[in-house]
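A.B. asks: Each chain, letter by letter, is given below.
2 protein chains.
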Amino acid sequence: MIKEGGMMLKYEDAKDIILNCFNEVKAKSINVIKSFNYVLAEDIVTIRDYPDTKKSAVDGFAIKGLDRNSYRIVNTFSPGMQVDINLGKGEAVFVMTGAVVPENADAVVRVEDCVIDGDIVTINCNLTNGMNINNIGEEVGINQHVVTKGVLINERIFPILCYLGLKEVKVYEKPKVGIFTTGNEILELGEDYRKGFVYNTNRYIAECFLKKLEIPYEYYGNIIDDENSVFNAFAEMTEKYDIIISSGGISMGKYDFVKKVLNDKKFDIVVNKTKIKPGSPLLVARNNNCMIFGMPGYPAAFFTNFVLYLLPFIKKACGFRDFENKIVDVILKDYMHSRKSSDYFNRATIKYENGNFLAYGVGSQKTSHFINFAKVNGFVRIKEGVGDLKAGDKCEGLIFNFESIL
Amino acid sequence: MIKEGGMMLKYEDAKDIILNCFNEVKAKSINVIKSFNYVLAEDIVTIRDYPDTKKSAVDGFAIKGLDRNSYRIVNTFSPGMQVDINLGKGEAVFVMTGAVVPENADAVVRVEDCVIDGDIVTINCNLTNGMNINNIGEEVGINQHVVTKGVLINERIFPILCYLGLKEVKVYEKPKVGIFTTGNEILELGEDYRKGFVYNTNRYIAECFLKKLEIPYEYYGNIIDDENSVFNAFAEMTEKYDIIISSGGISMGKYDFVKKVLNDKKFDIVVNKTKIKPGSPLLVARNNNCMIFGMPGYPAAFFTNFVLYLLPFIKKACGFRDFENKIVDVILKDYMHSRKSSDYFNRATIKYENGNFLAYGVGSQKTSHFINFAKVNGFVRIKEGVGDLKAGDKCEGLIFNFESIL
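Residue numbers (the numbering used here), protein chains in the order written: chain W, 1212 to 1617; chain L, 1212 to 1617.
Bound-form chain W, shown alone (with noise of 0.2 Å):
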């Protein structure tokens, strides 16, 4: 067995030591279309006004002169078309919406408020000067803030940056994630089943999070329980990844290598345990510029501390200004068990339902156990010290998978 040292962290305690083992993140300039699923590493400033030119904002004709109703049609312009001409007094050209109005026209006159007669174009409405064009800068002139660094370029930022013709950006550098599990007992994905054994499931939970904020990964291996093995893993991988996943090995067995591995060779050892459940070995170490995270082996505990403490961790290495994860308050709808001795993270469903996020239980929340995490969206923190709690009784919610609130 393993001897124990130092103290079991708080929960907010133990995420602060990670967030703050943070070393700088790098940013580097790419081209635009590459930038989608990156964090915006500079400011986004406009370079031009926008339009830069008068526009026609309908269908219609472009006069110059509004002292009379009748006007001679001297051009088309669609948009796209470069227009330099000065309109004389009385002369119209027909412009389409989006199309460069003439520099010195005076208004645009919807074409439904016209009658065309040869050359000839009359209006049948009133008019006032510079109606139905939309001016240079109007939307938003030149330098000015459009966008603030730290957030990711996702739907809504790509489109703006393409539409502001930008052609490099700054984006956060992201991090490189290696991933390990152990286990003697850990079958691979599509391996014939063998009594006793258990599906790897953890590498999955990663490896999915990661994907969805389009983290690089590799994934290592499943290594078996031996001394060598696992430290020739993090020899090996700590001189390649920021960021080091491992799974299982952590608890006091004597076949946890992990742990064994971590606390020999001289790891910088940064979290060892936390109070919570589950998963409460958490070991956390740091080797020069690369972050270990040995995570426990159930997959329940290893999603929650996925979830609590690598998720933030690593959306602050990609950059993300607002990397925390979110709490709301919520009302319980079931019943929910604690001890006083932890903070329980228990799983959940959390809707929005008439004004209030409410909390279902979704049965078990035994560590063991992990098949209802199908329901779950988010976890019910129950301090330290509160103890059960029961149906109507308001406490934290932590949501992870916000489109299902709804």
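Quick caveat, the hints were computed from the structure, so don't treat them as lab data.
Positions of the beta carbon are idealized from the N, C-alpha and C atoms, including for glycine.
Please note that the accuracy of each hint is not assured.
What the hints assert, rightly or not - Not everything, but these chain L residues come out facing chain W in the computed CB check (under 10 Å): (1) Tyr1404; (2) Tyr1415; (3) Lys1423; (4) Tyr1431; (5) Gly1432; (6) Asp1436.
Dock chain L against the given chain W, drawing on the hints supplied.
C.D. replies: Then chain L, alone, in the frame of chain W:
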């Protein structure tokens, strides 16, 4: 100019017509490992008991007989070991967490409650039958329903499929999407800027949403404003894609060839304009099994129509049971303009604060403006006949980006 026929449809009517155009979604069996981000086309039912053997919940000693406090240690079992022994009365084996427990063991005693002396273990706690043993089927028994079809195989569901040890899973096939844009004024990303032109934005709005859903798409190019080119594009694409998204060319101008081609060439016009702002000119047509979305050219109108009509249609085409946009009651924080003649979908930042969803204005609502979409995560819907609303008024909010509500 093109002659206009038929009635402008209301938002809900147009949406229902579009959603009802939908052909049956085909399902296919795929390897579980490839199923991430597909939609489940079958209910998931357990194929064995979980666990399927008695397992230890702790590191400790599995014992036979509860009538004594000393036992003879006969073996050590780690997880993954094939265990096939019966304990004799008074015998114990050391079992690690998750290891198989001999079938006739009566209890497992935590190692913390044991004193070991040679091959004798002495117990320092009360013994109860079955303690610290996870029984067969305790989590979920065989043939139990676990997940209902029609849900996205996301970071919650995928690991469950792994955990269950499934090899193949039935998923819905994804639609194949073709995109083209129109307009002589369109510059492609990275092209040098030319005064009066605009950068292709709508292509990327579509691509971002499709990427998020991992839907295969091809971009067919920007088609110049020429009837034959547009006709040829449609002719080729209707053969290849389930959904075609085009941008621009659907107004009544003489260069609006998308409208001309879809009207003249005997496509089945499903929706011709909807009574919304921004982006009323939406034109939806059908050709055999291909749905064609002729989208408006202004990015604000394109984006709004994409969220209102295309997103639910695409999700339905992917097999989502829950494909509609999510609506919440919002309280306006800012004045919002609307005319009584249409449903207004005003861009907004929707935030959950102090127990309410609040909708903040983002400045201009002009269809020709787009840059403020950087702040937009939803729309405030002001229904036909309502008119302007002021801060404090309540109305409907449609959220399309949930991560940003907190």
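A.B. asks: Now tell me, hint by hint, if it's right for this structure.
C.D. replies: Taking the hints in turn, this is what the structure says about them:
| no. | hint | verdict |
| --- | --- | --- |
| 1 | Tyr1404 | holds (6 Å) |
| 2 | Tyr1415 | holds (5 Å) |
| 3 | Lys1423 | holds (6 Å) |
| 4 | Tyr1431 | violated (17 Å) |
| 5 | Gly1432 | violated (15 Å) |
| 6 | Asp1436 | holds (7 Å) |
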